[in-house]
Structure formats: C-alpha cells, structure tokens
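K.L.:
For reference, the chains in residue letters:
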Amino acid sequence: MTPVLETHHLTKHFGRIVAVDNLELEVHPGQVFGILGPNGSGKTTTLAMLLGVVKCTAGTYSWFGEGDDNELRKRLGAILEHPIFYPFLNAIDNLKVSAHIKDAHKYDEEALLKLVGLYERRQDAYKTYSLGMKQRLAIAKAMVGDPEVLIFDEPTNGLDPQGIADIRRLIMDITSMGKTIILASHLLDEVQKVCTDFCVLQRGKKIYQGSVADALNHKQRIEVYAENPDTLLSVLQEHRGLKSLEKKNGVFTIQVDGLTTMELNRYLFDKGIAASHLAQVRTNLEEQFLEILKENDR
Amino acid sequence: MIAKALTLEYLKFRRYKPFWIILGLFVICYFALGLSIKSFIDYMIKNQNGPFEEFFETGLPLFDFVDVWQNMAYITFLFKYILAFVVMISICQEYTLRTIRQNMIDGLSRAEYVMSKLGLVVVLSLLAGVVLLLLGFVLGMLYSPVKSLDFIVYSIGFVPAFAFETFCFLVFAMFVSTLVRKTGFAIILFILYSLIMEPIATVIMKHEYELATWYFPMRAINNIIHIPFGKYLFQEVQDFVKWTELLVAGGWSLIFIWLTWLLITKRDL
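Chains as they are written, first to last, in the numbering used here: chain A, 1 to 298; chain B, 1001 to 1269.
Honestly, the hints are just simulated from the structure, not real lab data.
Among the hints, a few may not be true.
[Unchecked claim] Straight-line distance between alpha carbons at most 27 Å, and here's what the computed DSS-like set of lysine-lysine pairs gives:
no., chain 1, residue 1, chain 2, residue 2
1, A, Lys127, B, Lys1182
2, B, Lys1017, A, Lys127
3, B, Lys1266, A, Lys55
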C-alpha cells in the first residue's frame, strides 16, 4: 500500500539552528499518527515543510506517493499552530474562502458547523469567537472538501478542560470516519488517547517510532507480593527475562519483556511460591516518553 | 485561473467594511475635486488681482473637450495613492493575519496568490479609468464650448493611459507591501520613496550632474501623462502619450511583478 506520506532526509536550517534534522517518516492510510516532542523540537517546522509554506533546506517529501504539488494539498486538511481566519468574516464566509481555494464546490457547510458545534454562531464574525470556538472552526475548516488526511498541530493548546475534551472528542469522531490523521503534540496523554502510531522528535531528530500499543506493552511491569519475600526475591532474580526489579513497601515491581501476569503466576507456582498479590502496572506513555528522551540525552 | 483568483479576492473582502468605505470615499472625493475646480476658478476670476489677473481674464479652457482628459488625469494623480493604500492594506493584511500561509496550506498555489493580488490591481486600475472617463465626460458636457463626438474622443486615449499609469503604480505598491509585509511601514516607505526620495535623487542627478533620469520607476510611471498646463502659458507641452514612455513604465511593472513573484516563491511564509 502506498504510504500517505513519506519523507526522506527532510532537513531545515534557520541560520545556524538545525530545526529539523534528516527526518525519515512514513505514515500509512488509516493511521492516527502522533508526532510527539517537547516545545521547539521541530514539530511545527516539519509540518510547515510538508504543507509547502516553509522551504526544505534538504530532503524531499511526498504525499500519496505523488510529490509535493499544491494540488495534493487540496486533499489534506490542516491547521498549523493556532487557527488562522479572516477576523471580519463569519464562520460560513471563512469556510467559503477555504472551499474556494480547495475547489470544493460541493460541501455541506451546515453539517460541518453542526459537527463542531458552531452552527448557532455561524453568522457571527470570527473575531467574536472564544479560543475554543476558533479551534473548533479550524477543525471544521480542515474538514472542508472531505480531505483524506487531516493534520492537527497542538489542537488543544491553550484551551480549558472543557475545550480540550471537546476537541479530543471531535478528533475521535473524525478518526472513526476512517481518515488518516497526523497529530503533533507535546501532550503525551493526548497522543496516548488518540493515536495508533507515533514518533518522538527531539531537537529536530526522530529518536523513536512505533505503535502506541507496542510502546505501552513493551515494558510491561508487574507488581508481585508473597508471604516470604526473601524466597520470592531469589526466585524472581532467577527469571531469565528479568530487566529490572524494585522493592517498595515490601512489594516487588518487576519488568520482564513480554511476560503476562498469568505466565508469571505459573512460573512462581512451579517454584513453589503462591503470590498473594499479582497485578499489572499500567505504564503510560509519559513515562515511556521521558525515558526515551533520557536515553537519548546520554 | 483568473476568474478563480478574482473570486477569491472578492470572497475575502466583500465583508471588510474599511475596504468598501475607502473605495466609496475615493469615488466621491474624486468627483468632488473635479467638480469643485470650476468654482475655484470662478472665484479666482471674480477676485482677480495680483499675478493671476491676466491669466484668469478669459478663464482657463481646463474643461474643453480634447483638453479635459489630460487635465483631469493630471490633476487627480494623487488619487492613485488611495488605490495604492487599498492594495497595500490588502497584501500586508494577509501577512499580519498570516492568512497567506493558511491559503497556501489549503492548497492555493503561489501563482494563484500573485494572480489574485494582480487581479485586485487590475480592477482598481479599471476603476481609476472609469472615474476619469465619467468625470471628464461630465465636466466637458457642462463647460466645453465644443461637444461634437470627434472632439470628445480626440484625446480620450488619456483615459486608458491613466488606467495603465495607475496599474503600474499599484504594481509598485504590491511589490513594496510584499517586501515589507507590515501595513504602516509599507505605506510610509512607499510615500517617502515616491514623493521624496526618488524626486530629490532625480532632481540632483538632472540639474547637478546632467544625468538622464527617465528610467527611474516613479518618474517613468508618473510621466506617462505630462503636465498639460504649460500650454496656457504658451509653452509647448506633450499633449499625447508616447509609446516609448508607456514601454518604460510597462517594463517597470514587469520587473515589479517579477520581483514580487521572487519574494513569494523564495521566502518562507
């Protein structure tokens, strides 16, 4: 299957600063692809290059395997950084400008504005909108012309909890429509909740790429406790796949690649230990992310 | 592509009130100025004294057909600035609002963008031609002693010449605002260059060093229509449009369009 997006050696220098360094990305149809990175790691610059508004210093990218033409951008829906609209135009007229540029002559503006909950305010000038409404209008605008790929850059930046929840729900709704989504964020939680795949950028370099499910399962940790801690300790230490072992308040937390709680239970039982507590520790991407960044800093 | 570019510009500005107010005032003031000249001259004739005495004795044939087109085109040259500001606001605003960036993200090509701004320039230039045509016609019909068709159309070439002059002028405004990107700065720079810097430079070059100055952009553009009033002092004036002068001005507008194109294509947005 042709990837939706491919980049090769994508690089951007701003004077002496290397904003994006030799980036290789591949996004496939149907993925919800997260670009994760701290502020200033090159996420927006990368997207700006992919959207043709910032020139690449070196490297190439290709949308739909066809290149980097502006015609191809009409098949994308994108917002970069913050929403950008004509402040003196209302929601409908702003969408009309986009639709006109995209040659999207048939589009249902009412349905779009209803989807993002702005239908009631459609006749009001954009400058009267709250930040949450502006972000939602940006999502509606991105959807104009029914694009195959949607690109969101920090879509929940600066929003209150309700606004964040609204935007996340919207993105989930859009995901269920089967569109490919590229989401740049510094919020791990967001990527974890929304994305299927992700990469991590640091100082313009890709330092990790994989599926969210793998990242979460990869370093599964299990809490275990038994009547006789000393025996338990030695038995655990004998396990061949053991990666780490911590003891806190008499409870051991171990990490073994690919080991399920059931397998561990069986292993302990075979060694004559009956665990009185056995639980999987939910890893979150946050810990993963910080670990990846830490590893890379060494 | 041209139709698309023009429609885009219209969609952007149709609800931008300052744009329509400025254009409305432009048309009103244009006619107000033209129509008030006659009363001003009448006043001078009535209160004739001092150096104007003989000059106004018989009244000036400012509005006679044949002459009226060139006279009005010349007198109203400052109005080009208002249209230039409209162009500059329209372009700089795309940068300050960053909408040019969003336009490109939505899939507008750089050529389409330049085309849309050129479209605005052409429409405003046509507007300048139309108001001159209407004003000249009205004034001539009111005050000209001769009103036959061949007199009316004899020098009517000044109307398209005025539109072309405006076009070149607005193209320069388009270049300056694309270069500078900030409305206030662009407008001030534009005024300083066109009204002060270049005129001073050309005067020094011409009178101190006897160098040719015909190739300076503002001079070339404003020189399409020559000062007509010398003829009322029995001096010889150029009362027609020279092809060579049109070519120089046209050459400059091609250069400014090309420079604008370079700025749009080479710069990050």
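K.L.:
Of the numbered hints stated previously, which ones are contradicted by the structure, given in increasing order?
P.N.:
The structure breaks none of the hints.
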